[in-house]
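A.B. asks: Let the hints inform the model, and build the full structure from the sequences given.
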Amino acid sequence: MRGFAPGSGYGLGFGRPWTPAVRALILACAGAYLAQLLLGRSLPIVDWLALDTGRPLELWRWLSYALLHDGPFHLLFNALAIWMFGSDVEERLGTRRFAAFCAVSCAGAAGSVVALDVLLGRASLVIGASGIVFGLLLAYGMLFAERTITLLVFFVLPVSLKARQFVLVFGVIELLFGVAGGTRVAHFAHLGGMLFGWLFLRGAGLRPRSPGRPDAEEPGRAGGPLSALRRRLESFTRARDDRRMDELLQKVNATGIASLTEGEKRFLHRMSRRKRWH
1 MRGFAPGSGY GLGFGRPWTP AVRALILACA GAYLAQLLLG RSLPIVDWLA LDTGRPLELW
61 RWLSYALLHD GPFHLLFNAL AIWMFGSDVE ERLGTRRFAA FCAVSCAGAA GSVVALDVLL
121 GRASLVIGAS GIVFGLLLAY GMLFAERTIT LLVFFVLPVS LKARQFVLVF GVIELLFGVA
181 GGTRVAHFAH LGGMLFGWLF LRGAGLRPRS PGRPDAEEPG RAGGPLSALR RRLESFTRAR
241 DDRRMDELLQ KVNATGIASL TEGEKRFLHR MSRRKRWH
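For what it's worth, the numbering used here labels the leading residue of the sequence shown as 1, then goes sequentially.
Calculated directly from the structure, the hints in this document are not laboratory data. Check the hints yourself; a few may be wrong.
[What the hints assert, rightly or not] Ranges of calculated distance between the beta carbons of each label pair, as one might list FRET restraints: (1) 37 to 122: 23 to 33 angstroms; (2) 100 to 238: 17 to 27 angstroms; (3) 263 to 30: 22 to 32 angstroms; (4) 237 to 120: 44 to 54 angstroms; (5) 30 to 125: 38 to 48 angstroms; (6) 24 to 73: 17 to 27 angstroms; (7) 70 to 95: 25 to 35 angstroms; (8) 122 to 43: 26 to 36 angstroms.
Virtual Cβ for every residue (Gly too), placed ideally from N, Cα, C.
C.D. replies: Spelled out as structure tokens, the structure:
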């Protein structure tokens, strides 16, 4: 199943802004792929950075393997998925927590493959950001459960699913392929990315949304002192940012936008984007 089209409830169309971590991740993957093409014959880039399950203690590989790809379409589909799903997830989590989420999904996917290969007594070489992609799919399904995603199956047949159903279907497909085996795709790495992404969100106080809860409702509503403290801090931060935005808008009305500093312009742009996507 490949290809995306706007759904009736929510579309994954073009024009979506690049959030900072999403942009950095995609550019890093593109840069690594260019290095593979231009320097791969003179430098053993894949040997240095790919996940080698026969050498599990070389821990940098548990993250660096995600930057490498085995062809332009492999890179293209992963980059598109990171952009389509990651932008909204980063807006909801914040850039730092989003970066940590991607690292946990990536390392979790690597750990899943290493554990499976140790169990089966074999060694594999794994590359690609698919573990991160499937972690992001899981996060999107949790944070935006009621949004509608329309897929073009074989680029022809439109099929609409809620985000939570989309994640469930893909998870089941990956599990079936992983059990069946016989392919080069590391399906258990995909499942590992989803599992560790889910554990990260649970640990951060985020819970799957019930069908009746709107997307605009804030995550992390579960009880407990940490959740209450987090909500108070978020409320304080929003109030502070709103006050600053009001002050800057008054300044613009009084003296024009040219009177703003570059930092003030970036702040207004960030606030505008946050309000647009929330």
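A.B. asks: All the hints need checking, so say for each whether the structure fits it.
C.D. replies: Results of checking the hints against the structure:
1. 37 to 122: 23 to 33 angstroms: holds (29 angstroms)
2. 100 to 238: 17 to 27 angstroms: holds (22 angstroms)
3. 263 to 30: 22 to 32 angstroms: The hinted range 22 to 32 angstroms holds for residue 263 and residue 30, with Cβ atoms some 29 angstroms apart.
4. 237 to 120: 44 to 54 angstroms: holds (48 angstroms)
5. 30 to 125: 38 to 48 angstroms: violated (21 angstroms)
6. 24 to 73: 17 to 27 angstroms: holds (22 angstroms)
7. 70 to 95: 25 to 35 angstroms: holds (29 angstroms)
8. 122 to 43: 26 to 36 angstroms: Distance hint for residue 122, residue 43 holds at roughly 27 angstroms.
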